[in-house]
Amino acid sequence: MLTIHDLKDNVAPLIGNGEIAYDRKLNAVDQITTTLYNWPENKLSYPMITERAILELPNGQLFRILTRSESSLGELKAWDVTALHVLHDLNDKLLHNKDKKNKPDEGDEDEEPQGVTLTLDDCMAYITDGTKFTYDIDGDFGTHTFADMPEGKALDIFLNTLIPTYQFEFIADNYHIHIQRQIGSENAFVFVDNGNISAIKAQYDDTNLATHIMGECKPLVTEDDVTSAEKAVEDAKKSVDSSQTTIDNQKKTIANTQAAQKKKDDAYPASLAKKQKAIADAKQRVVDLQKALAKWQADYAAKGKPVPADTLKNKQQTIANAQKSVTTLTNSLATWQKNQATASEKSKETLKKQQDKLAEYNTKQAELQKKYADKQAKYEKNKQVYTDSGADGDVITAEYTSPNASIYSVIDADYFVDDDAHTKSALQQDLPLHLQDTPKMSLTLEYHEFADNATIRSIDDVEVGNSGWIRDRFDIDISSRVVEMITYLDSPGGHEPELTFGNVIGDFATTMAHLSNVSSSLANAGGTAMPGEVQGNAAVLNFFQNASWTKEDVSDYVGRS
1 MLTIHDLKDN
11 VAPLIGNGEI
21 AYDRKLNAVD
31 QITTTLYNWP
41 ENKLSYPMIT
51 ERAILELPNG
61 QLFRILTRSE
71 SSLGELKAWD
81 VTALHVLHDL
91 NDKLLHNKDK
101 KNKPDEGDED
111 EEPQGVTLTL
121 DDCMAYITDG
131 TKFTYDIDGD
141 FGTHTFADMP
151 EGKALDIFLN
161 TLIPTYQFEF
171 IADNYHIHIQ
181 RQIGSENAFV
191 FVDNGNISAI
201 KAQYDDTNLA
211 THIMGECKPL
221 VTEDDVTSAE
231 KAVEDAKKSV
241 DSSQTTIDNQ
251 KKTIANTQAA
261 QKKKDDAYPA
271 SLAKKQKAIA
281 DAKQRVVDLQ
291 KALAKWQADY
301 AAKGKPVPAD
311 TLKNKQQTIA
321 NAQKSVTTLT
331 NSLATWQKNQ
341 ATASEKSKET
351 LKKQQDKLAE
361 YNTKQAELQK
371 KYADKQAKYE
381 KNKQVYTDSG
391 ADGDVITAEY
401 TSPNASIYSV
411 IDADYFVDDD
421 AHTKSALQQD
431 LPLHLQDTPK
441 MSLTLEYHEF
451 ADNATIRSID
461 DVEVGNSGWI
471 RDRFDIDISS
481 RVVEMITYLD
491 SPGGHEPELT
501 FGNVIGDFAT
511 TMAHLSNVSS
521 SLANAGGTAM
531 PGEVQGNAAV
541 LNFFQNASWT
551 KEDVSDYVGR
561 S
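For the record, in the sequence shown the residue sitting at position 392 is 392 according to the UniProt record's numbering, with numbers rising by one throughout.
FYI, nobody ran anything at the bench for these hints, they're computed from the structure.
Note that the coordinates shown come from a computational prediction; the quantities given were computed from them, not determined experimentally.
From the three backbone atoms N, C-alpha and C, an ideal C-beta is built for every residue, glycine too.
Errors might be hidden in some of the hints.
[Unchecked claim] Straight-line alpha carbon distances no greater than 25 Å define the calculated SDA-like cross-link-like pairs of lysine to any residue that follow: (1) K264 - I183; (2) K353 - K424; (3) K424 - T165.
[As the list claims (entries may be wrong)] Now the in silico label distances, taken between C-beta atoms and shown as ranges: (4) T67 - D394: 44 to 52 Å; (5) E70 - I407: 34 to 42 Å; (6) Y415 - E70: 45 to 53 Å; (7) N27 - P432: 17 to 25 Å; (8) K264 - N331: 16 to 24 Å; (9) D394 - L209: 31 to 39 Å; (10) P40 - G494: 54 to 62 Å; (11) Y415 - D156: 22 to 30 Å; (12) T253 - N314: 56 to 64 Å; (13) H5 - P497: 25 to 33 Å; (14) T253 - K383: 35 to 43 Å.
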């Protein structure tokens, strides 16, 4: 039975549905397809089948309806629906970072961006921010330097950027995402062709088999960037030196202004005294002339003679001229003092302007020195980044040869351009991930569960991500992993689950060991034993180590006559 949740959070059961195909793939969004009918029992729930409604499976997992088509047969109506696990809701979030771009600091446009170094936790927090989703991470996945913050739909970033970059697998439990290096159990099942499995469809793809790969990536900082940064440092140093010369010249100008004012100030008392003495002397001359005139007049009076009019007039004029000289000298002193005061004020103003200018130059010098220090630090950082990247000019190159070259010989893969790596070490780590050095194998089969057979149940644990062994009809044991599982719920015809397998990553050595064992015992129809170095389920190990297959053995294993 399914339960439907509509957009208004109403919940109702859906009864009498068609077979539910439940498709689970490794590192993908789960999907269900089914047919929903408007039986009388679904009078309330059938109208709730609308866009973005949610279907809930008996296991509690939620699936959002994305496509639906309605058909009718008389009064009976039905919806054929396809729904994706609510993990797909991450596709509702668009990450567009126009304000978070990795840009140089303001004023440092000549500097190259250094990339964004993020942990997996940083990335998960980034794509789930503002959503219902939570997550946990089991293990350490290191850091990765991106050219910039990833952009696009959150689901696309999760599936197509984070998974290949950090090399992890996940399980989605509705809105919670559990992340670990590899999900599932090892040595969890044993399948026998024509036994507990049937209808095997095998597909082998050796098209891209290769054992040697060369590639390149671009460093975050190129040799030209380092050269440009070095020149920027030199230019900044020239600016600092030029500014210092301006400061030194300004200090000299201030010193000259102060010296000139001091010279004037030092000369002022003597000049003032000289001018004041000249006034005093002029005043004394007036007094002396007045006394002489009085004595001259007294002498004439004593003699009873009148003073000569012309002489008197001349003497009086001389006294008047002397008094005028006093006035002139006094006025001249006042004017001189005023001019001295004005000149002193102007000198002070000039000095203040010169000192303010010096302060301005010093402030600018401090800014230039800081910019110089910053450019020096960035140059050193760029130089270190470039050195650490292992770049040669504007490109980083590396190559990798698989150990399997000793078996298949050296087969070159296509040249790989890595847009994510920015160092030689990162490129060297990525190259093996883009080399298919073993044949690709995909098996699709039907799996018979035997709930009444305790031995079988103890051996077979079939879940997406689990790995185990398939023994084919030629008694060759293939180490494989469940990468897709389609189960059919509410199947009236008992539709068997379909499993798709892929080679276990890194198991090529085990496969070769098996082939060696098979090669050495071709005359023996009894098959091969599981390699001793493989550890796992004791029942599985015992099952294989004691296996010498006959039709009767297979029949016993699957509980058939």
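Results of checking the hints against the structure:
Distance restraint check for K264 and I183: the Cα-Cα separation of roughly 93 Å exceeds the 25 Å cut-off, and the hinted pair is therefore not satisfied. For the given pair, K353 sits about 58 Å from K424 by alpha-carbon distance, which is inconsistent with the 25 Å threshold. Between K424 and T165 the CA atoms are separated by roughly 16 Å; this keeps the pair inside 25 Å, and the hint holds. A beta carbon spacing of about 47 Å between T67 and D394 agrees with the range 44 to 52 Å that was offered as a hint.
One distance hint, 34 to 42 Å for the beta-carbon pair E70 and I407, is violated here, with the actual separation near 57 Å. Between Y415 and E70 the Cβ separation comes to about 51 Å, which falls inside the hinted range of 45 to 53 Å. Checking the proposed 17 to 25 Å range against N27 and P432 shows it holds: the Cβ atoms sit about 19 Å from each other. At about 22 Å, the CB distance of K264 to N331 agrees with the hint of 16 to 24 Å.
Taken as a hint, the range 31 to 39 Å holds for the pair D394 and L209, whose Cβ atoms sit roughly 32 Å apart. Separated by about 27 Å at the C-beta atoms, P40 and G494 break the suggested range of 54 to 62 Å. Distance hint check: the CB atoms of Y415 and D156 are about 26 Å apart, consistent with the given range 22 to 30 Å. Roughly 58 Å separates the CB atoms of T253 and N314, a value that falls within the hinted 56 to 64 Å.
With their beta carbons about 27 Å apart, H5 and P497 fall inside the hinted range of 25 to 33 Å. Between T253 and K383, the C-beta spacing of about 41 Å keeps the proposed range 35 to 43 Å intact.
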